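Asker: For the protein sequence lines, the chains are A and B, in the order given.
For the first sequence, my numbering assigns the number 653 to the initial residue and increments by one for each residue that follows.
For the second sequence, my numbering assigns the number 201 to the initial residue and increments by one for each residue that follows.
Quick caveat, the hints were computed from the structure, so don't treat them as lab data.
Since this is a predicted model, take the numbers as computed values, not measurements.
All residues carry an ideal CB built from backbone N, CA and C; glycine is no exception.
Do not take every clue at face value.
[Stated by the list, open to error] Taking CB as the label site, the calculated pair distances span: (1) B:T310 to A:M667: 23 to 33 Å; (2) B:S283 to A:H729: 20 to 30 Å; (3) A:I707 to B:D255: 20 to 30 Å; (4) B:T310 to A:H725: 38 to 48 Å; (5) A:H729 to B:K314: 42 to 52 Å; (6) A:E710 to B:E208: 36 to 46 Å; (7) A:S717 to B:T270: 19 to 29 Å; (8) A:K693 to B:E263: 15 to 25 Å; (9) B:L213 to A:E734: 38 to 48 Å; (10) B:E216 to A:G668: 24 to 34 Å.
[To be verified] Footprint (simulated), chain A over chain B, 3 or more residues, beta carbon under 8 Å: (11) 244-256; (12) 300-308.
[What the hints assert, rightly or not] From the derived model, a few chain A residues whose C-beta atoms are all more than 12 Å from chain B: (13) I697; (14) Q755; (15) G758.
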Amino acid sequence: DTAVSQTPKYLVTQMGNDKSIKCEQNLGHDTMYWYKQDSKKFLKIMFSYNNKELIINETVPNRFSPKSPDKAHLNLHINSLELGDSAVYFCASSSRLAGRYEQYFGPGTRLTVT
Amino acid sequence: GDSVTQMEGPVTLSEEAFLTINCTYTATGYPSLFWYVQYPGEGLQLLLKATKADDKGSNKGFEATYRKETTSFHLEKGSVQVSDSAVYFCALSFHGSSNTGKLIFGQGTTLQVKP
Numbered sequence: 653d654t655a656v657s658q659t660p661k662y663l664v665t666q667m668g669n670d671k672s673i674k675c676e677q678n679l680g681h682d683t684m685y686w687y688k689q690d691s692k693k694f695l696k697i698m699f700s701y702n703n704k705e706l707i708i709n710e711t712v713p714n715r716f717s718p719k720s721p722d723k724a725h726l727n728l729h730i731n732s733l734e735l736g737d738s739a740v741y742f743c744a745s746s747s748r749l750a751g752r753y754e755q756y757f758g759p760g761t762r763l764t765v766t
Numbered sequence: 201g202d203s204v205t206q207m208e209g210p211v212t213l214s215e216e217a218f219l220t221i222n223c224t225y226t227a228t229g230y231p232s233l234f235w236y237v238q239y240p241g242e243g244l245q246l247l248l249k250a251t252k253a254d255d256k257g258s259n260k261g262f263e264a265t266y267r268k269e270t271t272s273f274h275l276e277k278g279s280v281q282v283s284d285s286a287v288y289f290c291a292l293s294f295h296g297s298s299n300t301g302k303l304i305f306g307q308g309t310t311l312q313v314k315p
């Protein structure tokens with residue numbers, strides 16, 4: 653059973669397109685996150701939702717819009733893709749309510765913008 | 201601001217050698233500390249954690265001790281294997297109802313173990 657899953661695993665698209673990445677967790681966690689890993693493997697938080705409420709919105713271009721339809725899902729939509737958006741995007745989840753703060757990560761989505 | 205600094209990689213070791221990856225942090229509060237591992241082509245896996253000073257996290261032969269006086273959380277393993285080759289990330293986060301729990305990562309250290 654996959655705890656945190658992401659689709660697609662690979663995404664190749666052209667500049668200017670709009671794309672979405674989906675994330676689902678079956679751990680019963682109440683908080684989900686999006687992280688971006690750049691080409692040097694540096695990881696940085698982008699967004700977080702707790703019980704469908706946005707609690708983290710780092711300095712990310714407003715072309716990026718997260719959406720959480722329920723506690724188990726967190727999607728990331730990106731408008732007008734740019735070359736600099738090429739990266740690996742990781743979804744993660746944790747159970748803040750239970751006081752367990754370790755995060756569990758999905759396998760990542762490698763986005764390549766050409 | 202809060203930050204994590206890891207030793208520069210790559211680190212190349214022979215099988216059965218002793219491993220140390222240094223990690224120090226700067227934080228305005230009292231964070232929890234984590235080590236995550238990323239195997240090639242995969243997501244991050246939690247390796248170990250410590251939530252208060254002098255706690256020792258351990259897993260799969262890896263250990264790290266939360267040292268508040270030196271603001272450090274160095275990762276150690278007594279005898280590495282080829283299968284330990286991966287990128288290791290040190291991270292911190294703050295907890296409690298007023299904190300978001302976001303992870304702040306170090307830059308990652310690549311470990312390569314040769315047979």
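Asker: Compare the structure with each hint and give your call.
Answerer: These are the hints, each one checked on the structure:
The hinted window of 23 to 33 Å between T310 of chain B and M667 of chain A holds, with their beta carbons roughly 31 Å apart. The hinted range of 20 to 30 Å is not satisfied by S283 of chain B and H729 of chain A, whose Cβ atoms lie roughly 38 Å apart. One distance hint, 20 to 30 Å for the beta-carbon pair I707 of chain A and D255 of chain B, holds here, with the actual separation near 26 Å. The hinted window of 38 to 48 Å between T310 of chain B and H725 of chain A is violated, with their beta carbons roughly 33 Å apart.
For H729 of chain A and K314 of chain B, the hinted distance range of 42 to 52 Å is satisfied, since their beta carbons lie about 44 Å from each other. Between E710 of chain A and E208 of chain B the beta carbon distance is about 26 Å. The supplied range of 36 to 46 Å is therefore violated. A C-beta distance of roughly 42 Å is found between S717 of chain A and T270 of chain B, which places it outside the suggested range of 19 to 29 Å. Roughly 24 Å separates the CB atoms of K693 of chain A and E263 of chain B, a value that falls within the hinted 15 to 25 Å.
Roughly 39 Å separates the CB atoms of L213 of chain B and E734 of chain A, a value that falls within the hinted 38 to 48 Å. Distance hint for E216 of chain B and G668 of chain A: a CB-CB separation of about 52 Å, inconsistent with the stated range 24 to 34 Å. Only residues whose C-beta sits within less than 8 Å of a C-beta in chain A count toward coverage, and the stretch 244-256 of chain B has 4 of them, enough to reach three; the restraint holds. Chain A is given as covering the stretch 300-308 of chain B, and this holds because 8 residues of the stretch bring a CB closer than 8 Å to a CB of that chain, at least three being needed.
With a cut of 12 Å on Cβ distances, I697 of chain A falls inside the contact zone with chain B, its closest approach being about 4 Å. With a minimum CB-CB distance of about 6 Å to chain B, Q755 of chain A fails to clear the 12 Å threshold, and the non-interface call is violated. With a minimum CB-CB distance of about 5 Å to chain B, G758 of chain A fails to clear the 12 Å threshold, and the non-interface call is violated.
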